[in-house]
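Note that full-length UniProt numbering has the first sequence beginning at 1, numbered continuously upward.
Think of the hints as simulated: they come from the structure by calculation, not from any bench.
Owing to the predicted nature of the structure, the values given are computational and were not obtained by experimental measurement.
Just to be clear, a hint being listed does not mean it is correct.
As the list claims (entries may be wrong) - Below are the DSS-like pairs computed for lysine-lysine, each with C-alpha atoms no more than 30 Å apart in a straight line:
{"#": "1", "residue 1": "66", "residue 2": "14"}
{"#": "2", "residue 1": "105", "residue 2": "117"}
{"#": "3", "residue 1": "51", "residue 2": "105"}
{"#": "4", "residue 1": "51", "residue 2": "14"}
{"#": "5", "residue 1": "105", "residue 2": "13"}
{"#": "6", "residue 1": "114", "residue 2": "66"}
{"#": "7", "residue 1": "115", "residue 2": "105"}
{"#": "8", "residue 1": "117", "residue 2": "66"}
{"#": "9", "residue 1": "51", "residue 2": "66"}
{"#": "10", "residue 1": "113", "residue 2": "66"}
{"#": "11", "residue 1": "105", "residue 2": "66"}
{"#": "12", "residue 1": "14", "residue 2": "105"}
{"#": "13", "residue 1": "13", "residue 2": "51"}
{"#": "14", "residue 1": "66", "residue 2": "13"}
{"#": "15", "residue 1": "113", "residue 2": "51"}
{"#": "16", "residue 1": "66", "residue 2": "115"}
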Amino acid sequence: MGRPPCCVKGSIKKGPWTPEEDIILVSYIQDHGPANWRLVPTNTGLMRCSKSCRLRWTNYLRPGIKRGNFTSNEEEIIIQLQALLGNRWAAIASYLPQRTDNDIKNYWNTHLKKKIKKYQPVMSSYIAPADSGGSTSNEIMHPGTTNSHILIHSSSTYASSAENISRLLEGWMRSSPNQTLNSAHEELNHQMKKESVTINNNTGFSENRLMTDGDFNLQMPLKESVKEWDKTAANIVFEENKEFTVMEFDHKMRAERQSLLEKWLLEENTEHADAFLELTGAGIGVGCGSEPMF
DNA sequence: AAGATTTGCAACCGCAATTAA
DNA sequence: ATTAATTGCGGTTGCAAATCT
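Whole structure, please, built from the sequences with the hints as guidance.
Written as structure tokens, this is what we have:
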């Protein structure tokens, strides 16, 4: 099973994507959907490998991505999940559907790691012990639960692909002010019109309306979210399609954390128990496995 | 003001898992 | 059941911007 050729033959362009390339890619995906990446470079004429196209779409162009500063609430969630799951950025990102795994990973490496190091003593009480039962401010809910249960708050709206490009374009113009991008602007306007119609057709939303958190959750079936949670978190198994409340979920999650820790301590890592006990102020301050926390 | 250093992040690389034939 | 192709993921790198000296 050799490594597959991910790139089309010929000169493959590398480095930052230009707005023109973004527009071509978004336009193609609008028409064909985000699948069959192998065909994207050949069908669009983009001198990029399929993998690069997919990455560009998933990390920067797809609708629903929020960029920019992380809120303190998002930070809390990332810190807790990193403690619980380790460096499983994709799993962590599934709790923050607005953020990409790459974004979270970068933010962790550049900001949170340092922050935690700096505030290590504070952090140990910051992450509540599994059985403390009390605080709701640090609760983590997987997206896809009913809206009234969502605890990942955000006041922002989700950006469409065209808005993503627009934002990228602004950055591009700041860094390359002499570049002639009028045609890109024109194409972008066209793209935004096209996109608002598509949103309207697909979801029944009114034209020119941005997606909100609620809209996004509507598009994320509970069943899929629960399945994902089953796979990535702590093997808490819910019956498919079962509705559950924050209290039920949180209780189950805490119970699972507790049992995992007990298992880890008593069965698999007895030799580390003393060291771990020193950290019990941090509650779930280590991943479930053997990977180091930082 | 200018050079050196640090920081932040987009993008790439390579392996693993999954899917399709 | 096997194998090749595709997709997903996490670690790492390169470079531009920001900050420091």
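Okay, the hints, checked on the actual structure:
no.: 1; hint: 66 / 14; in the structure: holds, 25 Å
no.: 2; hint: 105 / 117; in the structure: holds, 16 Å
no.: 3; hint: 51 / 105; in the structure: holds, 19 Å
no.: 4; hint: 51 / 14; in the structure: holds, 12 Å
no.: 5; hint: 105 / 13; in the structure: holds, 25 Å
no.: 6; hint: 114 / 66; in the structure: holds, 23 Å
no.: 7; hint: 115 / 105; in the structure: holds, 14 Å
no.: 8; hint: 117 / 66; in the structure: holds, 27 Å
no.: 9; hint: 51 / 66; in the structure: holds, 22 Å
no.: 10; hint: 113 / 66; in the structure: holds, 21 Å
no.: 11; hint: 105 / 66; in the structure: holds, 15 Å
no.: 12; hint: 14 / 105; in the structure: holds, 22 Å
no.: 13; hint: 13 / 51; in the structure: holds, 12 Å
no.: 14; hint: 66 / 13; in the structure: holds, 27 Å
no.: 15; hint: 113 / 51; in the structure: holds, 29 Å
no.: 16; hint: 66 / 115; in the structure: holds, 22 Å
Of the hints listed earlier, there is not a single one the structure fails to meet.
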